[in-house]
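Novice: We have chain A already, so just place chain B on it with the hints.
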Amino acid sequence: MSMELDVFVGNTTIIDEEVYQLWLDGHSVSDAVRMRLESDALSECEASGEVLHSDTMDQYRTFQMCERLLHCPSKLANQLLFQIPAHRQAMLIERYYEFDHTFAREVLGKKLSKGTKKDLDDISLKTGVALKSCRRQFDNFKRVFKVVEELKGPLVENVQHHFLLSDSLARDYAAVVFFANSRFETGKRKLQYLSFQDFAFCAGQLISYWTVGAVDNMMEDMDVDLEKEFLHDLKDLKVLVNDKDMLDQHKSLVCYQLKGKIKAFSEMEANFKNLSRALINIASKLTNTKDVRDLFIDLVEKFIEPCRSDKWTVGDLTLFLTHYTSTAHTLEMFRFQILWERYMGVIKSCILKMYHD
Amino acid sequence: MPGKLKAKIVAGRHLPVMDRASDLTDAFVEVKFGNTTFKTDVYPKSLNPQWNSEWFKFEVDDEDLQDEPLQITVLDHDTYSANDAIGKVYIDIDPLLSSEAATVISGWFPIYDTIHGIRGEINVLVKVELFNDLNRFRQSSCGVKFFCTTSIPRCYRAVMVHGFVEELVVNEDPEYQWIDRIRTPRASNEARQRLISLMSGELQRKIGLKVLEMGGNAVVGYLQCFDLEGESGLVVRAIGTACTLDKLSNTYTPATAINPCNSSPSKDIKEAGFGEEAPGVPLSSGPPTPLRAQTFSSFSPSKSYSRQSSSSDTELSLTPKTGMGSGGSAGKEAGPLKALLRQQTQTALEQREFPFFTLTSFPPGFLLHVGGVVSARSVKLLDRIHNPDEPETRDAWWEEIRQEIKSHAKALGCHAVVGYSESTSICEEVCILSASGTAAILSSRFMQDSALDTEHRFEDLMSPGCAFCHIPYDELNMPFPAQLTYCHCCRRYKVPDVLFTTIDLPTEANVTGKGCLIQARLCRTKKKAQGEGNATAISNLLPFLEYELHTQLMNKLKLRSMNALFGLRIQISVGENMLLGLASATGVYLTALPSPGGIQIAGKTPSDITYEQHISNMQKKINDTIAKNKELYEINPPDLVEEVIGSPIPEPRQRSRLFRSHSESSDEVSELDLSHGKKDAFVLEIDDTDAVEDIHSLLTDAPTPPGFYSCNTEIMPGIYNWTSALQMFTSVRVFRLSNVNLTNQGLNKVFNDLCENLLKSLYFKLRSMVPCCLCHVNFTVAVPEDELIQVAVTAVAMSFDKDQTQENGRQSIDKNLMKAITENEDQLQFPLELSAESSSNPLNSAKGLSEVSGPLPSARAPSVDYSSFTDRCSSWIEQLRLKAHTIRCGSIKTMSSLEKASPLPEGRSRSLRSNRSYAGSSVTVVKMTPLSFIPGTKIIKYLGIINMFFIRETTSLREEGGVSGFLHSFIAEVFAMVRAHVAALGGNAVVSYNMKECVFMENPNKNQAQCLINVSGDAVIFVRESELEATPPQPHSASAQTSSSGEGT
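Top line first, the protein sequences correspond to chains A and B.
Position 180 of the first sequence, counted from 1, bears residue number 180 in this note's numbering, the numbering being contiguous throughout.
Just remember that this note's numbering sits 10000 ahead of the position in the second sequence, which is counted from 1.
The following block holds chain A by itself, in its conformation from the complex (with noise of 0.2 Å):
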């Protein structure tokens, strides 16, 4: 004796938000029952075990079905097939195309393709998040990125706009894009320390300063990739370091501004130069796809390690490189103020957010 069918359709689909949040995660029916049972919510509606199934088999083939819109949320705004209020397809929408920041910081950089993919259940391992869930999330990335790669405009706005996703996750989506795009080097063992908020934040400065859409902001401008040319300029910036000159006084500069300020000062006094070197290098390099994927690497391997065995507090990272970037200003000699913020000031945030044990 079995129940062989089993079903509930409402005009208006409802949709439990619970067992949403389980079917996302990756839970089979039965697990889900079985949370479900011992979750403390459902405990004064004194549901039955056959109940809880039965509502849970429910829920999950409304999810399959609509799984098909969520690939393309605009389609879900005007299907006849679900009559679902605005509000709840946002919240479909949306967490569907949440995700698991562990889970995104092992993917961010990789390439998304198959290849990656058969790495997921290694990174399901590592991370704890469901298979099931590990590929909902991959495939979400794989989708986001082949839709926006090739548009123009700023990127966050598309994605916004083709996936209707609220601000905060459409930046986070453009950030593993952006990483995806460039790739980015992000899984040395050095690097292990950031998280996936780390970097999206330093995704969304370069976005934001050192793309060609930065600059112009003509439609046809593309945000996915780093500005070539300002990339070449940053060439420019080596006179900063092969000139002893405005080396020593760009020293001198800040010395005078940092005395009795910072308390890893003699450290700073000694270093100074190297530090320097050390970014201005990396700005000099930039011009290579190699080295543009080791942008962080180096941050980390040529300014962060040093700063923090001698121990520099976040409060003398800041000041140092406030005032390392606005003496530079003062320099007679120094002609290239604008390409001179635009490289530092996305490098001191970047910094500042890497700056952390």
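I should point out that these hints are in silico values taken from the structure, not numbers from a laboratory.
Since the model is a prediction, treat every value here as computed from it, not as a measurement.
The beta-carbon is built from N, C-alpha and C at its ideal position, and this holds for glycine as well.
One or more hints might be untrue.
To be verified - Computed beta-carbon distance windows for the label pairs:
(1) S28(A) / K10802(B): 56 to 64 Å
(2) K132(A) / M11001(B): 29 to 37 Å
(3) P11004(B) / K114(A): 33 to 41 Å
(4) E229(A) / D10019(B): 39 to 47 Å
(5) P11004(B) / N78(A): 30 to 38 Å
As the list claims (entries may be wrong) - Chain A residues, not near chain B, derived (Cβ > 10 Å throughout):
(6) D6
(7) Y20
(8) R189
(9) N281
(10) K285
What the hints assert, rightly or not - The calculated lysine-lysine pairs, modelled on DSS-like cross-linking and capped at a C-alpha distance of 25 Å, are:
(11) K10004(B) / K10057(B)
(12) K10045(B) / K146(A)
(13) K111(A) / K285(A)
(14) K302(A) / K235(A)
(15) K10045(B) / K75(A)
(16) K190(A) / K290(A)
Specialist: Relative to chain A, chain B alone:
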């Protein structure tokens, strides 16, 4: 050439990929009506084609316009091979044929394929130009309006209620034609869909003709069903109530316009403001007095009607037999006025072969008395319909049953049957035909031209909240044993102790506490048999099945301490090896009826002590349950001294209001006395295994969880303050019995659990709507195969506001009544003696008076101040706005933090162009409800009837998610198609929605399944009451109510 149909194909969207190579589609459209076909150009390589075609014009007879649907086929052009069909849209253009309904059909329709389901959408524009045809012998009946709603539609008033109309058409089922062996399943399904669509059109047209003949202009309570008789053919049949309706042109014009002679404008304003129940014939201003005495005197025991007399010529003029407050609709030796009236009533009724009404709720003053449920069943053997043009056999079958119903009603002293419906259950070649209704006495006011207004005035006075309970039959010559008492409201007339009906609770009824859904469920095994033997076996089982269902209902009613059932629907379904019986009704405590006694358990062998203990334990359990239920349903009737009067039967007996009989393809009619013989009905002897089982099933019915109520009538008595949050749903379950050798008891338990668990699941699913009531819960059971039981439920969950407690509600009613009295006294200058005279209970007479003034402030009172309730639906829009706002705030925040982090003065962080764009506005939200109204709203226009039939088939069942996945998407698709059609007509809701058929067949071994669904309803436009500008009448009554309810708190 009386009509020109014009269609334009605008665009398509979300089309499926038909060309794998390009991932695109070269779509074009064929538009077909009758035998004429037009084609659009091919729109190459697009999934969102823009055809923007010319207007395709069809010049056709209006007869065809009524019968044929417009058929739109979307195809993929293929240069080398045959064009592939993507799918079809059938558009019923009937709504365009009535001047008052829709004028244009325009919108996105799902493109439907019977194998693949919905495949994209198509935007279509359809118009009709009608030329007047004055030919008397025309075959069309354009302009007759059809309503599924079983009451007078909300924006109309009934001028006349003509009566019963029925028709049936038969044809061969394409699925069983020889050609089906060689054609594809798709072609076969489409042939079937098309045929049923044609037959429905034809049926509707024929019924329309009958209505025109009767002088009506509308059919209310239109119920169309089809019987898939398999080999022997396909029957589409329909019944309805012909009416002459008047559109309330503007419900807010002061009613003096409608009713210029009335002396009390304020009351009429109220009536118009409520506007829900159409007012009747214009009320008179004449002095109400002269006829009163006469009518009272019309009672005389000597003329009392006896059940056995059935002289054929007088069989319909039974009205005077009642004597009791029947308002003297006819009296044999009355004055000349009376004679005239009688003549009219008689003509009115005798014109009708069957004085049946499919309505379940009535304009005030129409329903005078209710006798009880009448039902008839007959078991027939199907054989091939030889000549589709002469469906005489089927006609004769129904004729037979209707005659039986009529005679049952007569036996109850009633001249009419209301809440009438018909149904069938077919298994192989055996068919059970069933009909049921409620015997009643109706006022003549809607059955004749409004000549005798004085009479109406009187009748109005005569229908307080208890009048309909007063027995219509003669107490000295009762058609069945019953215990009569004086009415607990008016104390003047006699009432039975229990009342079963198939109608909705009359709005004026006095009810104590709340009601609840009561179900009796039964399963009986049957030996497999063939042909006549099978039919005999079934008809032998039927009486027992009905008897037990009835006992179960009665026991459950007692257990809930209630005394009346409304909306009773008994469904008997036949399978190869079992019979299923399911009776659903809404139990209530009618204040007018006596309080029900408890249930006594008795053992046969009282010697054993442990045994006695067992019994007393059970008794205690039952008593506890009764007490609990009383509390749950807030049944606290005023303590009244019970006075049992004049019962002709000395000992208490089963008080059965159920009349039924069976005939088995012969004329032999077996009447069965449902009374329990000498045994008291409510003494359950538990020696009997059946009784143990009964008690078990009594006590195992799980109570509804807190916050939930359920009923199968339109609304729940005792709940007034509905919000507009509603959720219509359909749930289907199929249970497989793996153990073939089940006993009756085992089967019963399985069936009972199936229903109970289904209800439990529903409560759980809808928990977010609490406090809420499941209204119009409609169960249908079927035995699709040997070991399968199928249960389908359609209902609507409606939330209500808890804040206004029941107590307040009641108090406010009372206050209203008082108010009504004073108002009436003041404004009508109604003689006070009159009200005092007509009833000893001032409240009731007040009710009578207020009824004169308009549709029952009592029941509707608290529901008026919707403006003060949060409108949930619009509140989510509000929420949305809020959310959009917060999103915007959020984005600003992130940006400012960005700017802080970056020291660049010229930092060009871009502002985002827009927040999320909710394109959701492109799809109209269409509400669906099985009720005839949507709380908190006002229906301003009926756009036409929705009557759709779909078939879905799959040969890849597993891939579609198994049977559940298959049916889930099909039901969702059906909803989507109904919504799309309503939206295209310009509507925003379907009322009186009903899923009449859901036939599901599967063959998992072949990975196949097929399902047929037939749905119907009325497409309407509603507006929220809060959106309606406050018109003079509305605030008047509303403020009166709010103030009084305020006082109540």
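Novice: Against each hint, give a clear statement of whether it holds in the structure.
Specialist: Status of each hint after checking the structure:
Distance hint check: the CB atoms of S28(A) and K10802(B) are about 38 Å apart, inconsistent with the given range 56 to 64 Å. Checked against the hint of 29 to 37 Å, the C-beta distance between K132(A) and M11001(B) comes to roughly 34 Å, which is consistent with it. About 35 Å separates the C-beta atoms of P11004(B) and K114(A), a value consistent with the hinted range of 33 to 41 Å. For E229(A) paired with D10019(B), a C-beta distance near 44 Å keeps the hint of 39 to 47 Å intact.
The hint said 30 to 38 Å for the Cβ distance between P11004(B) and N78(A), and at roughly 36 Å that hint holds. Not every C-beta of chain B lies more than 10 Å from that of D6(A), the closest at about 5 Å, which undercuts listing it as non-interface. No beta-carbon of chain B comes within 10 Å of the beta-carbon of Y20(A); the shortest separation is about 14 Å. The non-interface label for R189(A) is consistent with chain B: the shortest C-beta to C-beta separation is roughly 27 Å, beyond 10 Å.
No Cβ of chain B approaches the Cβ of N281(A) within 10 Å, the least distance being about 22 Å, so the stated non-interface status holds. Interface exclusion of K285(A) from chain B stands, the closest Cβ pair being 22 Å apart, more than 10 Å. Straight-line distance between C-alpha atoms of K10004(B) and K10057(B) comes to about 7 Å, which keeps the hinted pair within the 25 Å bound. Restraint check for K10045(B) and K146(A): satisfied, since their Cα atoms lie roughly 21 Å apart, inside the 25 Å limit.
Simply put, K111(A) and K285(A) have alpha-carbon atoms about 23 Å apart, close enough for the 25 Å limit, and the pair holds. The hinted pair formed by K302(A) and K235(A) meets the criterion: a straight-line CA distance of about 18 Å does not exceed 25 Å. With a C-alpha separation of about 19 Å, the suggested pair K10045(B) and K75(A) falls inside the 25 Å cut-off, and the hint holds. Proximity of K190(A) to K290(A) is assessed by CA-CA distance (about 18 Å); at most 25 Å being required, the pair is judged to hold.
Hint violations for this structure: numbers 1, 6, all remaining hints satisfied.
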